[in-house]
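Peer 1: Given chain A's structure and the hints, the job is docking chain B onto it.
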Amino acid sequence: VRGLARGLFASVVLLSVGAGGTGCRAAQAEDTGDTLIVGAYSAPREAFEEAVIPAFRAAWRRQTGRDIVVRASYLGSGAQARAITQGFEADVAVLALDSDLDKLVKASLVAPDWRARTGGTGLMARSLVVIAVRSGNPKGIADWADLGRPGIEVLTPNPRTSGGAMWNLLAVYGAASGDLKSKSAAVARVVDNVIVMDKAARESLVSFERGIGDAAITYEQEVHVARRAGRRYDYVVPPVTAVIDVPMATVDRYADAHGRRAAAEAFVAFLRSRQGQALLRDFGFRPATGPLELPGDARFLAAGHPFTAADFGGWKKIAPELFAPVTGTITRVLEATREDHEASR
Amino acid sequence: VKAARPTAGALSLRVVAVGFLGVMVALPLCAVVGSVLTGPGGVGAALHALGSRTARAALWLTVWTAVVVALVNAVMGTLTAWVLARYRFFGKAILNAVIDLPFAIPTLVTGLMLVVLYGPQQVIGQVLAAHGLRLLFAPAGIILSLLFVTFPFVVRAVEPVLMDIDVDQEEAATTLGSSPLRTFFQVVLPALRPAVLTATLLTFTRALGEFGSVVVVAGNIPRRTLTAPVYVFGAIESGEPAAASAMSLLLVAVSAGLILAVDRYTRARARAIGVRV
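Quick note, the sequences are listed as chains A and B, same order. Reading the first sequence from the start, the letters are residues 1 to 345 in the working numbering. Reading the second sequence from the start, the letters are residues 346 to 622 in the working numbering.
If we strip away everything but chain B, and leave its shape as in the complex, we get:
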């Protein structure tokens, strides 16, 4: 696309798009920032609230579980996308439909499903309990629910890229004596990397903010199983707007920072290999 002088139509399209983004996304974000700056006690009170042991523990728990979930889904999502793109098998259409379900199910229902499945009234829960394993009301439960909620991101980002890659390249590599594993890592993966990276990041940021399912399965005990979003909820409900805004802003900042960093990285790489973005 050549950067010619834009027509009136193209110009108004841009205004609409930017305006929509501004009202729907930027404005609420500004409100959070504003509430921290102008809230009772201002920035000092916000920082003080974040300094509490409960807040720090909640943030740490949220970050590490989100990292685990992002990594697991990066691997499993890519694998699933590969299977979907490269193989035909019985039940593929159903699998394809099931993958999107996590986005369609209210996250609160996700939490309930896990509590029912792993709870003491079901066989699985009883077997686990008999072996002294606790999935619910422990970080494991948080990870399980986050894995479920964020599963589609990587699959749906990687699958179209895989479909686009010419199978000829893989066949050529195999013909030249490359092992399947080597073919994957040296031929396929480099082409997938931007998609996997972006989707993993989305998974992470989504996991960072997940509330509905986590509040049901986590247990919500301060400094044990209380995550940052549930901490925010508690702060709102108990009339501590400074703590709520501060933690919200921190979560937004972590996500925004990561997204910007990865965006820079992918652009730099794209330039390096001569693709205009």
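Just chain A, same shape as in the assembly:
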């Protein structure tokens, strides 16, 4: 009983630490002086907390002679966008999908020219949709089609609750050749092998780390973060996959209301700077601009021939066409059973 109690206590502590992390986290102590609030999706948490925010504070002190407190909140991209539109007054937003940032534009929180103001593309960084596999790749998984082989167990989060999951399925869809029907069939074969759809990308990878499944569709960047934390497994970059764009913007209305425009713009500029990009790369992000391939960096695999969301008309077109409730092409694949898929083959 004592062992059980200790185990329970440990789980409770673990959970509360995890939960505490998702809320607003004060990076530093004193509240006087400058403050900046960042509303981010969940993947950059380690990069921000361990590297970017401390370095930005140092840079801010060098430039202005003042201290700055950066508070960052991390949620799933959709949930964070909703929190900001519903009154979480973040000065800077870093999200996983353009369409989530567009929600802030629609709510008149971010000025429509946000891309132009952030290097023309509005990106903080990029990543790739990859397949995490067990060490040594025992099942010989190299491409999306391998995930559809009989008996392969696949993890990917639920696209209804996770922006990352939408990228994952877009990668499978976009990499398949042929017309809409054969693309849907390719997604269906993978979806039929999915055994768990967790709520969010990070949870899905945690399930994989617990030993569940043969492969997990995830971001390259998430695998790098897991490796930094000492977890060992491999990943493969399929020959054709999706480039994940990570958009960011100053939340103009809140930043102006708080009188923090200068700090917000400095934070965005810092992320785009050589130093900021190098720190992000340490945590597995590929650069916001320039070539995706990083041949001089042994930590990164070859990127192959990836496509972008823009190749499919951007998220404004992809979200309704592929992921709309009931009618979306991928939604329909997800909501059909294995038997339906077999019947339509």
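Each hint should be verified, as a subset may be incorrect.
Said to hold, decoys possible - Pair ranges (Cβ atoms, derived):
1. A:V105 <-> B:W405: 38 to 46 Å
2. B:R433 <-> A:K139: 51 to 59 Å
3. A:A185 <-> B:R401: 22 to 30 Å
4. B:A442 <-> A:G230: 32 to 40 Å
5. B:L478 <-> A:R338: 16 to 24 Å
Don't read these hints as lab results, they were simulated from the structure. Because the structure is a prediction, the values reported are computed rather than measured. Just so you know, even glycine gets a beta-carbon here, dropped at the ideal spot from N, CA and C.
Peer 2: Only chain B this time, still in chain A's reference frame:
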């Protein structure tokens, strides 16, 4: 208690109790109903959302697993209560404390415990996998987590009633030559029936709404392992308030309908045997 004219004090007590119930329970329920009626598309959109195959499958999965869990816990809970009330044994105090734990543990932790226990990194999980059995990410996992979460209901409802029943009756039955089984079914069970019934119902309704543990162990695949509460969560997260409200309201309605039905039944029975309720 005679129904005399209530004093000012008794009257204000009633106002406080009813007011509290109204604000804490009835008001949120009204909000769900209101959101269905006034949501985009109104009742039509809500009905349409519920008509989808995914929604129907989710509801069916939730209902049948909850029924299984309610029945299993009705039997096992009564048995456990019987053991606790009638026997003394080593470790009884610990058992007694452990029974209430499911209420004290966050349900998310329950899910995690099951995933760790039956997952591929533990002996049990490996043995199961070697025999081709899958408990996690299948309806079996849902049932396991619901059994855990709802276990205390029946035990805690039945135990005090058993303690109240005079052991003399059972002894008399035994003396008159009744077998232990017959004694249980003809002497003890009739007295327990209202408590067992109410607690089984509570178990069912609680199982119907369970989210925290199920979302971790179920797998959440539409039309395979997606339950109604997880469906509601997905609908909220993907900006489909009509579907979320409609399914929520349906779950509330099923629970409320059952509770009212059983309440009527127990009152009718109580009247039949001459007890005033």
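Peer 1: Next, verify each hint and record whether it holds.
Peer 2: Verification of the hints:
1. For the hinted restraint 38 to 46 Å between V105 of chain A and W405 of chain B, the CB-CB distance of approximately 41 Å keeps it satisfied.
2. Taken as a hint, the range 51 to 59 Å holds for the pair R433 of chain B and K139 of chain A, whose Cβ atoms sit roughly 56 Å apart.
3. Checking the proposed 22 to 30 Å range against A185 of chain A and R401 of chain B shows it holds: the Cβ atoms sit about 25 Å from each other.
4. For A442 of chain B and G230 of chain A, the hinted distance range of 32 to 40 Å is satisfied, since their beta carbons lie about 37 Å from each other.
5. Look at L478 of chain B against R338 of chain A: about 20 Å separates their beta carbons, and that is inside 16 to 24 Å.
In this structure, every one of the numbered hints holds.
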